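J.: Let's have the full structure, built from the sequences with the hints guiding it.
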Amino acid sequence: MATTDIHLHQDVHHHDDHEDHEHHEGNFWTTYIFSQDHKVIAKQFLITGIFWALLGGTLSVIFRLQLGFPDMNLDWLKPVLGGWITPEGKLDPEFYLALVTMHGTIMVFFVLTAGLSGTFSNFLIPLQIGARDMASGFMNMLSYWFFFLSSVIMFISLFLETGPAGGGWTIYPPLSALPQAIKGSGLGMTMWLVAMVFFIVSSLLGSINYITTVINMRTKGMSFTRMPLTIWAFFFTAIIGILSFPVLFAAALLLVFDRSFGTSFYLSDIYIGGEALAHEGGSPILFQHLFWFLGHPEVYIVLLPALGLSSEIIATNSRKPIFGYKAMIGSMLFIAILSFIVWAHHMFVTGMNPFLGSIFMLLTLIIAVPSAVKIFNYVTTLWKGNIHFTPGMLFSIGLVSFFLTGGITGIFLGNSAIDIQLHDTYFVVAHFHLVMGSASFFGMMAGVYHWFPKFFGRMVNPTLGYIHFWLTFVGVYMVFFPMHYIGIAGFPRRYYSWTNFETFSGFADLNMLVSVAAIVTLSAQFIFLFNFFYSMFRGRLAPANPWESTTLEWTTPRNPGHGNWVGEIPSVYRWPYDYSKPGAKEDYIPQNIPYSETPESNLPHENELIKLETLNGDGSIVVEGSKH
Amino acid sequence: MALDIKIVEEAQKPLGMNPKKFGLWLFMGSVIMVFAAWTSAYLVRRADGNWRVFELPSLFWITSAIILVSSGTMHWAYLSAKKDNLEQTKLAISITSLLGVAFLIGQFLAWGEMVQHNVHFVGNPSGSFVYVISWMHGLHIVSGVVFLLIVLVATFQYKVHSKRISQMEMCTTYWHFLDALWLYLFVFLLLNR
Chain A
1 MATTDIHLHQ DVHHHDDHED HEHHEGNFWT TYIFSQDHKV IAKQFLITGI
51 FWALLGGTLS VIFRLQLGFP DMNLDWLKPV LGGWITPEGK LDPEFYLALV
101 TMHGTIMVFF VLTAGLSGTF SNFLIPLQIG ARDMASGFMN MLSYWFFFLS
151 SVIMFISLFL ETGPAGGGWT IYPPLSALPQ AIKGSGLGMT MWLVAMVFFI
201 VSSLLGSINY ITTVINMRTK GMSFTRMPLT IWAFFFTAII GILSFPVLFA
251 AALLLVFDRS FGTSFYLSDI YIGGEALAHE GGSPILFQHL FWFLGHPEVY
301 IVLLPALGLS SEIIATNSRK PIFGYKAMIG SMLFIAILSF IVWAHHMFVT
351 GMNPFLGSIF MLLTLIIAVP SAVKIFNYVT TLWKGNIHFT PGMLFSIGLV
401 SFFLTGGITG IFLGNSAIDI QLHDTYFVVA HFHLVMGSAS FFGMMAGVYH
451 WFPKFFGRMV NPTLGYIHFW LTFVGVYMVF FPMHYIGIAG FPRRYYSWTN
501 FETFSGFADL NMLVSVAAIV TLSAQFIFLF NFFYSMFRGR LAPANPWEST
551 TLEWTTPRNP GHGNWVGEIP SVYRWPYDYS KPGAKEDYIP QNIPYSETPE
601 SNLPHENELI KLETLNGDGS IVVEGSKH
Chain B
1 MALDIKIVEE AQKPLGMNPK KFGLWLFMGS VIMVFAAWTS AYLVRRADGN
51 WRVFELPSLF WITSAIILVS SGTMHWAYLS AKKDNLEQTK LAISITSLLG
101 VAFLIGQFLA WGEMVQHNVH FVGNPSGSFV YVISWMHGLH IVSGVVFLLI
151 VLVATFQYKV HSKRISQMEM CTTYWHFLDA LWLYLFVFLL LNR
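Each protein sequence line maps, in turn, to chains A and B.
Mapping the first sequence onto the UniProt record's numbering, position 602 (from 1) lands on 602, and the numbers just tick up by one.
Mapping the second sequence onto the UniProt record's numbering, position 71 (from 1) lands on 71, and the numbers just tick up by one.
Since the hints were derived computationally from the structure, they do not count as laboratory data.
Among the clues, some could well be false.
Which bits of chain A does chain B cover? Going by a derived footprint, with three or more residues having C-beta under 8 angstroms, they are [stated by the list, open to error]:
1) 93-102
2) 240-253
Quick list of in silico lysine to any residue cross-link-like pairs, SDA-like style, CA-CA up to 20 angstroms [to be verified]:
3) B:Lys20 x A:Ile239
4) B:Lys20 x A:Arg132
5) A:Lys220 x B:Pro14
6) B:Lys20 x A:Glu568
7) B:Lys13 x A:Glu606
8) A:Lys326 x B:Pro14
9) B:Lys20 x A:Ser136
10) B:Lys13 x A:Ile467
11) A:Lys220 x B:Lys13
12) B:Lys21 x A:Ile239
13) B:Lys21 x A:Lys581
14) B:Lys13 x A:Ser223
15) B:Lys21 x A:Met217
16) B:Lys21 x A:Ser136
17) A:Lys220 x B:Ala11
18) A:Lys581 x A:His388
19) B:Lys20 x A:Gln36
20) B:Lys20 x A:Pro590
21) B:Lys20 x A:Leu142
22) B:Lys13 x A:Ile215
23) A:Lys326 x A:Trp575
24) A:Lys220 x B:Gly16
25) B:Lys13 x A:Phe224
26) A:Lys220 x B:His176
27) B:Lys13 x A:Pro590
28) B:Lys13 x A:Glu568
No experiment lies behind these values; they were computed from the predicted model shown.
From the three backbone atoms N, C-alpha and C, an ideal C-beta is built for every residue, glycine too.
T.: Pasting the structure below:
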């Protein structure tokens, strides 16, 4: 069916636009605090995420001081850490465990789950699919405030006299289940569990909203095969979240019962000080099964959004269509499915049946296939592209690099036999920090740099962006590359000190290098921080489409109001990667340009599309007025 | 008035359904995952041995019957709302809510029966699992009853009728879901003692 677009040169406002959206003039509280606008909620997630990232990074530097300089006098930290510095000027060993635990928890959940998905799913889903807002703005607001509540509880736990949770971010019982085990298993653990329950609620509210919005709120013409890869990535992430977070909830609830009500789901045959505990008949391995059923998909909850963001950024800044659009979707789908059936590779050394181990090994190694497809497609998208090295682009390329170097070590770790040697060593730490931590962090940074003009209507300073990128990129490799050697040499993770034994002092110099690199990397983030807040208020005003991108968010006003588009929502006529199309006037054609307006660049089958729609119409012509 | 005409192909309207209903289905998906986690944990734990076998409280049979009947009255409410027979709708929703409360009381008494058989919340996990599973399901029934009351109030305000049925549909879906969930859990517990 053909549409006749009649341009009447008079003010024809559309009624539907004024009905429920556009310019709610709210007060300060409804505009900035309890906002239901997805863009404001996204910024709230972003700012909270940045706060947590700084805190998590600082904690890591504190324990890196202990690991790199075990003889250092840390008395100067007393004003901040108080009693956690022993009279001899050393870090309290139990506080060391708490630092490691909180660093993991903060980075995995609060930064790379809420800070990444919360920010970009909220911001980009409505803008890129052409929706005025999320399916439920109220649920979206609740999602942020549950996250905020969770953040507050977790933050307060840092200041407890007994310290925050200290059983590792994986909170394995019996250590986490018995308050008398270490200080960190007391009130800190309770608050950890309470905070995580709120976090799960927040995450579920968010995920339900994202999926509902992607499926039901797309604008006209935005078929599934015309969705940007970012949206696909957020969509899969939300599905994984809905299926896996409830399992963490189930596991955590049983742990709460074990801790506070004396049940024995995870506890059995434990003696403390020669006395047998009353708990009998439980199994700590059961917790690991439940935990890793969330824990492994969680890795992809963290990673997939970053991969989606970088797909979009790499295609835009290579001025080329993404290579293998459908292969990218397929590989993300495949990764999402596989993520649920590989959890036991975290448990190879729990005494599991070796046959079962080899099944999980096989499934784990298969993940290398879709991952390799993705890396291949990134590289082939870059290949012979007219590459624009914006800061966002550099961070995306950095992501590809980390995803590759960190992914390769996953092939070693996925082997149930080699895992016996490498399990719980620094090799594992190096692996997941590169492939999941740094890759996702770089994806998040790439997203912040790339969409900053849409977030705040201003440009970031690119020079500071380049400095930030190179310091971070080199710094991350300096931190995590040496850890491979330390790990192969058999150094276990989470240990407070190795210098008690002469045998293990061999890598003191390497550990020192790692610690220095960690300090430099953290310091580099302050360049970003300055750039971020300075540009927010003083940056150059952004043009409408600074990266000459094809997706819908750049058709909105510079600072879109609540409702995103003034007037009608644009319709979509083509896929989002029409970059450098042969014959086209410019090297990009936005998604909202119909094929009938670009006869010079249409491929034969696209011309067919116009004809079909004209011929198949039952003779009626839809007249569509629009103001211009 | 200047007039310029251009012909463009019409963009296809993408598929879509009521976002709230869709969200409810997703929520039910996550509830399924919670209980799937517990029932599979139950199986894994049972396979480990040291598992105390006991008779499930006979009251579970009665509560199961109650919840099954309540599903019927729920559907009656839905059909009568569809036919704009609002008096019947109010009656049917009220009966369903009462049956929901009766179910909860029944579950509570069933716990008493378990205690009499010396199966306590604290003790061998086989008993603890039954308490946790029935307690968490009961919590969802509470949310279902709250939903029923919201729909009941809406019916009194003439906000539920054949032209405005989606809230009623969602409530019906949720209640049937909770019913099916309990029947699954009960059969599961019967088969895997």
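J.: None of the hints should be skipped; say for each whether it holds.
T.: These are the hints, each one checked on the structure:
Here's how the segment 93-102 of chain A fares: 0 of its residues keep a CB closer than 8 angstroms to some CB of chain B, so the rule of at least three is not met and the hint is violated. Residues of the segment 240-253 of chain A lying with their CB closer than 8 angstroms to a CB of chain B number 10, which satisfies the three-residue condition for coverage. Pair hint Lys20 of chain B plus Ile239 of chain A holds up; C-alpha atoms about 17 angstroms apart against a cutoff of 20 angstroms. Simply put, Lys20 of chain B and Arg132 of chain A have alpha-carbon atoms about 16 angstroms apart, close enough for the 20 angstroms limit, and the pair holds.
In summary, the hint linking Lys220 of chain A to Pro14 of chain B is supported, as the alpha carbons are separated by about 6 angstroms, within the 20 angstroms threshold. Among the hinted pairs, Lys20 of chain B with Glu568 of chain A is inconsistent with the structure: their alpha-carbon atoms are about 24 angstroms apart, more than 20 angstroms. With a C-alpha separation of about 18 angstroms, the suggested pair Lys13 of chain B and Glu606 of chain A falls inside the 20 angstroms cut-off, and the hint holds. With a C-alpha separation of about 19 angstroms, the suggested pair Lys326 of chain A and Pro14 of chain B falls inside the 20 angstroms cut-off, and the hint holds.
With a C-alpha separation of about 8 angstroms, the suggested pair Lys20 of chain B and Ser136 of chain A falls inside the 20 angstroms cut-off, and the hint holds. Between Lys13 of chain B and Ile467 of chain A the CA atoms are separated by roughly 46 angstroms; this puts the pair beyond 20 angstroms, and the hint is violated. The suggested pairing of Lys220 of chain A with Lys13 of chain B holds, with an alpha-carbon distance near 5 angstroms, which does not exceed 20 angstroms. Taking the CA atoms of Lys21 of chain B and Ile239 of chain A, the gap is near 17 angstroms; set against the 20 angstroms cutoff, the hint holds.
With a CA separation close to 41 angstroms, the supplied pair Lys21 of chain B and Lys581 of chain A exceeds the 20 angstroms bound. At most 20 angstroms may separate the alpha-carbon atoms for a hinted pair to count; Lys13 of chain B and Ser223 of chain A meet this at roughly 8 angstroms. Among the hinted pairs, Lys21 of chain B with Met217 of chain A is consistent with the structure: their alpha-carbon atoms are about 13 angstroms apart, no more than 20 angstroms. Distance hint between Lys21 of chain B and Ser136 of chain A is fulfilled; the C-alpha atoms sit about 12 angstroms from each other, no more than 20 angstroms.
Distance hint between Lys220 of chain A and Ala11 of chain B is fulfilled; the C-alpha atoms sit about 5 angstroms from each other, no more than 20 angstroms. For the proposed pair Lys581 of chain A and His388 of chain A, the alpha carbon gap of about 17 angstroms is at most 20 angstroms, so the pair holds. For a cut-off of 20 angstroms, the pair hint linking Lys20 of chain B to Gln36 of chain A stands: about 16 angstroms separates their Cα positions. Note on Lys20 of chain B and Pro590 of chain A: the hinted pairing is violated, with a Cα-Cα distance of about 31 angstroms set against a maximum of 20 angstroms.
Distance restraint check for Lys20 of chain B and Leu142 of chain A: the Cα-Cα separation of roughly 16 angstroms lies within the 20 angstroms cut-off, and the hinted pair is therefore satisfied. Restraint check for Lys13 of chain B and Ile215 of chain A: satisfied, since their Cα atoms lie roughly 12 angstroms apart, inside the 20 angstroms limit. The hinted pair formed by Lys326 of chain A and Trp575 of chain A meets the criterion: a straight-line CA distance of about 12 angstroms does not exceed 20 angstroms. A C-alpha spacing of about 11 angstroms is found between Lys220 of chain A and Gly16 of chain B, which places the hinted pair at or below 20 angstroms, so the restraint holds.
A threshold of 20 angstroms between alpha carbons decides the hint, and for Lys13 of chain B with Phe224 of chain A the separation of about 12 angstroms falls inside it, so the pair holds. Of the pairs offered as hints, the one joining Lys220 of chain A and His176 of chain B is violated, with about 35 angstroms between alpha carbons and a cut-off of 20 angstroms exceeded. With a C-alpha separation of about 19 angstroms, the suggested pair Lys13 of chain B and Pro590 of chain A falls inside the 20 angstroms cut-off, and the hint holds. Between the alpha carbons of Lys13 of chain B and Glu568 of chain A the distance comes to roughly 15 angstroms, so the proposed pair stays at or under 20 angstroms and holds.
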